[in-house]
Amino acid sequence: MYSDNGKISARQMQILLILDVLGISIIVLPKYNSSLLGFDGILLPVAGGVLALISLFFICRLAPFLGEFGFFDGLSRLIGRFMSGLVSLGLVFKLIFSLGCGIRIFSEAAKLKFLPNTPLWIISGLILLPCLYGAFKGYESRARLGELLVFIILIPFLIVFVPRIMECSFPSVIPNINISKDIYFKGSLTNCFAFTGMEFLLLTFNHLNNMSDIGKKLASAFIFALVLVFLVNFVTISILGDTLAASFDFPAVDIMDISSVSKGKGGIMMSIFYLSVVIYEIGAIYLGSGLFGDILGKRRSIYMYMAAFGGYALSLGFNDINSVIVCFTKINMFFGIAYFFVLPIFMNIIIKLKKDDVYA
Amino acid sequence: MYKDIDKNIEIFENMFTDCGDLVKRKIPVSSTYIYVLYFDGMNDRTLIESRVLDTFMLEIRKTPPDKFTDVTQALINGGLTTADFYEQTDFEEAAVAVMSGETLLIIDGYDKAIIIASKNYPIRDIGQPDTEGSIEGPKEAFNENFRDQTALIRRRIRDTNLKIKQLKAGRRSQTDIAVIYLKDVCRTEILEEALKRIENIDIDAILDSGYLSQLISENEMTLFPLLQLTERPDKAAAEILEGRIVIAVDTAPFVIILPAVLPSFYQTGEDYYQNWQAASLIRAVRYIASMLALALPALYVCFALYNPSMVPAELLLKMSFAREGVPVSGIGEIYLMELAFEALREAGIRMPSSIGSTLGIVGGIIIGQAAVDAGIVSPIVVIVVSLTGICSFAIPQIALGSAYRLSKYFLLTAASLFGFLGFWAAFVTLLIHLSSLKSFGIPYLYPFAGGDIKGDEGIRDTFFRLPPRFMKKRPVFSSDKQKIRMKSE
Numbered sequence: 346m347y348s349d350n351g352k353i354s355a356r357q358m359q360i361l362l363i364l365d366v367l368g369i370s371i372i373v374l375p376k377y378n379s380s381l382l383g384f385d386g387i388l389l390p391v392a393g394g395v396l397a398l399i400s401l402f403f404i405c406r407l408a409p410f411l412g413e414f415g416f417f418d419g420l421s422r423l424i425g426r427f428m429s430g431l432v433s434l435g436l437v438f439k440l441i442f443s444l445g446c447g448i449r450i451f452s453e454a455a456k457l458k459f460l461p462n463t464p465l466w467i468i469s470g471l472i473l474l475p476c477l478y479g480a481f482k483g484y485e486s487r488a489r490l491g492e493l494l495v496f497i498i499l500i501p502f503l504i505v506f507v508p509r510i511m512e513c514s515f516p517s518v519i520p521n522i523n524i525s526k527d528i529y530f531k532g533s534l535t536n537c538f539a540f541t542g543m544e545f546l547l548l549t550f551n552h553l554n555n556m557s558d559i560g561k562k563l564a565s566a567f568i569f570a571l572v573l574v575f576l577v578n579f580v581t582i583s584i585l586g587d588t589l590a591a592s593f594d595f596p597a598v599d600i601m602d603i604s605s606v607s608k609g610k611g612g613i614m615m616s617i618f619y620l621s622v623v624i625y626e627i628g629a630i631y632l633g634s635g636l637f638g639d640i641l642g643k644r645r646s647i648y649m650y651m652a653a654f655g656g657y658a659l660s661l662g663f664n665d666i667n668s669v670i671v672c673f674t675k676i677n678m679f680f681g682i683a684y685f686f687v688l689p690i691f692m693n694i695i696i697k698l699k700k701d702d703v704y705a
Numbered sequence: 006m007y008k009d010i011d012k013n014i015e016i017f018e019n020m021f022t023d024c025g026d027l028v029k030r031k032i033p034v035s036s037t038y039i040y041v042l043y044f045d046g047m048n049d050r051t052l053i054e055s056r057v058l059d060t061f062m063l064e065i066r067k068t069p070p071d072k073f074t075d076v077t078q079a080l081i082n083g084g085l086t087t088a089d090f091y092e093q094t095d096f097e098e099a100a101v102a103v104m105s106g107e108t109l110l111i112i113d114g115y116d117k118a119i120i121i122a123s124k125n126y127p128i129r130d131i132g133q134p135d136t137e138g139s140i141e142g143p144k145e146a147f148n149e150n151f152r153d154q155t156a157l158i159r160r161r162i163r164d165t166n167l168k169i170k171q172l173k174a175g176r177r178s179q180t181d182i183a184v185i186y187l188k189d190v191c192r193t194e195i196l197e198e199a200l201k202r203i204e205n206i207d208i209d210a211i212l213d214s215g216y217l218s219q220l221i222s223e224n225e226m227t228l229f230p231l232l233q234l235t236e237r238p239d240k241a242a243a244e245i246l247e248g249r250i251v252i253a254v255d256t257a258p259f260v261i262i263l264p265a266v267l268p269s270f271y272q273t274g275e276d277y278y279q280n281w282q283a284a285s286l287i288r289a290v291r292y293i294a295s296m297l298a299l300a301l302p303a304l305y306v307c308f309a310l311y312n313p314s315m316v317p318a319e320l321l322l323k324m325s326f327a328r329e330g331v332p333v334s335g336i337g338e339i340y341l342m343e344l345a346f347e348a349l350r351e352a353g354i355r356m357p358s359s360i361g362s363t364l365g366i367v368g369g370i371i372i373g374q375a376a377v378d379a380g381i382v383s384p385i386v387v388i389v390v391s392l393t394g395i396c397s398f399a400i401p402q403i404a405l406g407s408a409y410r411l412s413k414y415f416l417l418t419a420a421s422l423f424g425f426l427g428f429w430a431a432f433v434t435l436l437i438h439l440s441s442l443k444s445f446g447i448p449y450l451y452p453f454a455g456g457d458i459k460g461d462e463g464i465r466d467t468f469f470r471l472p473p474r475f476m477k478k479r480p481v482f483s484s485d486k487q488k489i490r491m492k493s494e
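In order, the protein sequences belong to chains A and B. So this note's numbering is basically just the index in the first sequence, starting at one, shifted up by 345. So this note's numbering is basically just the index in the second sequence, starting at one, shifted up by 5.
One should not assume that every hint holds.
Computed list of lysine-lysine pairs in DSSO-like fashion (alpha-carbon distance at most 27 Å, straight line) [unchecked claim]:
1) Lys459(B) - Lys562(A)
2) Lys352(A) - Lys459(B)
3) Lys201(B) - Lys352(A)
4) Lys323(B) - Lys201(B)
5) Lys459(B) - Lys482(A)
6) Lys323(B) - Lys352(A)
If you're looking for bench data, these hints aren't it; they were derived computationally from the structure. Here the structure is a predicted model, which is why all the values come from computation and not from measurement.
Generate the whole structure from the sequences, applying the supplied hints.
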């Protein structure tokens with residue numbers, strides 16, 4: 346048959362990376378960055394992006410190895426099944442946690458903009474159901490969905506959001522270089538780890554049908570996504586100002602509603618966010634449940650229900666949007682360092698040292 | 006078959022007990038007997054009785070009984086004045102041939118039956134296409150006759166690589182099925198899969214190509230057609246030239262084309278007969294119309310009832326004034342009008358064509374206007390529902406139009422319950438479903454999704470139809486060795 350089920354092309358992987366990175370970061374970062382550094386927060390996505398590119402470099406070097414063995418089995422070859430199981434379980438937790446946070450963040454936004462009188466649990470369920478359906482349809486289907494959604498997301502984005510650059514006050518956003526390097530570093534790391542979906546790469550190289558130049562291709566896709574994230578962050582903070590951007594829950598949506606030029610277009614921005622969140626959530630359910638199945642020795646559909654329900658329960662466990670973002674930032678900081686940097690570097694070193702043994 | 010003619014006759018007569026339309030006769034010829042069997046009305050009686058039997062009996066009379074050993078040779082030497090006959094030793098097979106309109110001939114002392122091709126059932130002439138009409142291009146449509154279907158395609162592709170593989174399906178109907186393809190252009194794996202699926206069918210009857218298309222489809226639960234039907238021989242031939250496979254079914258005026266991807270349902274034969282600019286415009290209109298047919302009522306509900314702030318103020322005011330005094334809720338109005346439109350459409354199809362058009366005018370204009378004047382519905386809803394209906398007719402394939410029509414209610418219900426969020430959730434679910442579909446291994450959304458193939462030109466024949474020199478390659482359906490359809494100058 347022409348189509349090999351479960352395999353995706355490099356182009357599809359690029360698109361998925363763009364959508365996964367955009368998903369939560371464009372909702373969360375403008376508020377976080379302006380709270381942390383005021384106008385200087387404008388540059389944080391760039392600094393975070395540089396760190397993410399370093400992580401991407403190490404992750405992509407693992408592509409041939411992970412493509413051949415998969416994450417759990419590959420890691421088992423390096424550190425044994427027990428340790429591999431523990432590390433994989435941590436990654437499953439990170440995925441489900443991000444899933445829960447993503448659902449809650451978007452549910453809050455949807456409640457605010459679309460359905461103020463509808464209970465949050467219904468909104469969260471409504472967001473989750475298509476994602477669960479998408480996860481059941483498999484990874485190849487997710488990749489094809491990404492190919493469609495990237496146009497549905499980017500075209501309105503370019504039409505509606507980009508023209509607002511003209512309203513930016515450039516002199517007011519000149520960076521202040523006297524800010525503490527520690528705060529800048531912390532902010533950069535937070536931005537780096539908010540680029541959710543990077544960790545998906547560890548789990549998806551075995552779905553890839555062609556590895557050639559995958560590092561360059563993924564880097565170019567990531568830079569494209571980074572430009573968009575920077576743009577959203579820059580436009581939002583410079584138009585709203587740092588104080589207002591920090592006080593709004595979803596400043597990137599709100600700037601569309603408070604200008605006479607784009608009045609009422611907040612719904613369009615919400616739609617864009619929704620579509621990229623959906624792609625991310627499908628990946629989290631599919632890959633999280635798949636990895637859990639690998640740890641237990643067999644992939645089962647019940648694990649998808651468990652992953653979805655786990656994410657759903659987590660999403661309802663937070664008090665409000667601020668507690669979600671605080672928790673998301675803290676947990677991401679720990680797991681981000683572990684899975685974005687420590688693990689890929691460690692795996693690269695072990696593979697280098699035990700090359701003959703691990704491929705045997 | 007036995008050498009004893011009476012034994013053979015007994016078996017056939019037992020098989021065909023109480024068949025009033027059966028013509029059977031044991032005829033003494035010289036020193037032997039022959040037995041003729043056929044169904045009245047299913048074959049060419051003149052051919053059999055005046056030409057075949059006549060000359061055959063003469064030949065037998067001329068042959069001395071001691072030389073009457075090799076009947077087939079005698080027939081070939083001039084006994085049968087037809088080239089199309091064969092021998093059969095199996096009773097069941099012979100009976101199926103008779104039921105298919107052939108004539109059975111048994112000769113005493115000979116242990117094989119002779120089947121003479123004499124099919125001639127009542128059939129409709131080649132007419133004009135009813136559902137795929139065109140201004141330019143051929144006006145022929147397939148009829149229900151299997152052989153006419155294959156002939157209309159063979160006439161258009163005079164290539165020795167055009168193969169017509171004949172099969173039968175249906176335990177009781179024994180329906181003739183022809184799998185038609187270009188041997189060197191089609192993908193072997195798709196052909197093998199199609200043949201396997203047809204051979205695996207175990208059903209009592211195949212009465213139409215619609216039966217077959219459901220039975221060989223990958224996913225019978227989906228609303229979306231995974232195989233294409235056409236009544237146009239020119240379209241069928243064009244698809245064969247692109248590497249696709251056509252399946253003709255006896256008694257069905259539509260042939261099946263496989264594999265089918267979503268954009269192929271937007272293509273019509275006429276798109277390629279007129280200049281590319283006009284064809285592209287029409288193609289783009291079809292895509293836009295299908296999106297409106299799918300989403301317009303749901304979007305109306307979202308904008309008008311849930312998020313009016315997204316509507317320009319002037320339009321919002323007009324909509325509010327139009328709804329003033331309407332006793333039904335906005336959502337109720339939409340459902341009411343959609344229901345009325347569905348009823349009107351169904352009634353229009355069942356009515357004779359002369360009354361059907363009158364019904365359309367009465368229903369669409371008079372009742373619609375009266376409903377607005379009476380204040381039961383607002384004019385904007387009438388516009389939305391009418392525009393949706395008109396757009397659904399702009400989709401060239403009925404099966405796809407029906408899929409969009411049903412999906413429209415899914416979006417509308419979700420939008421009615423949860424506004425924009427419901428709309429997007431339903432829309433994404435629909436996209437996920439479409440993304441997961443495949444037709445014989447080809448992603449259904451190719452080339453929009455899953456079309457990441459080096460050098461592929463499929464996208465050039467989707468939203469727009471580019472000039473032929475930009476479409477030199479065959480699409481994904483064709484074999485990798487036969488990608489070039491138009492050579493460079």
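Status of the hints after comparison with the structure:
no.	hint	result
1	Lys459(B) - Lys562(A)	holds (16 Å)
2	Lys352(A) - Lys459(B)	holds (16 Å)
3	Lys201(B) - Lys352(A)	holds (25 Å)
4	Lys323(B) - Lys201(B)	violated (60 Å)
5	Lys459(B) - Lys482(A)	holds (26 Å)
6	Lys323(B) - Lys352(A)	violated (52 Å)
Checked against the numbered hints listed earlier, the structure breaks hints 4, 6; every other hint is satisfied.
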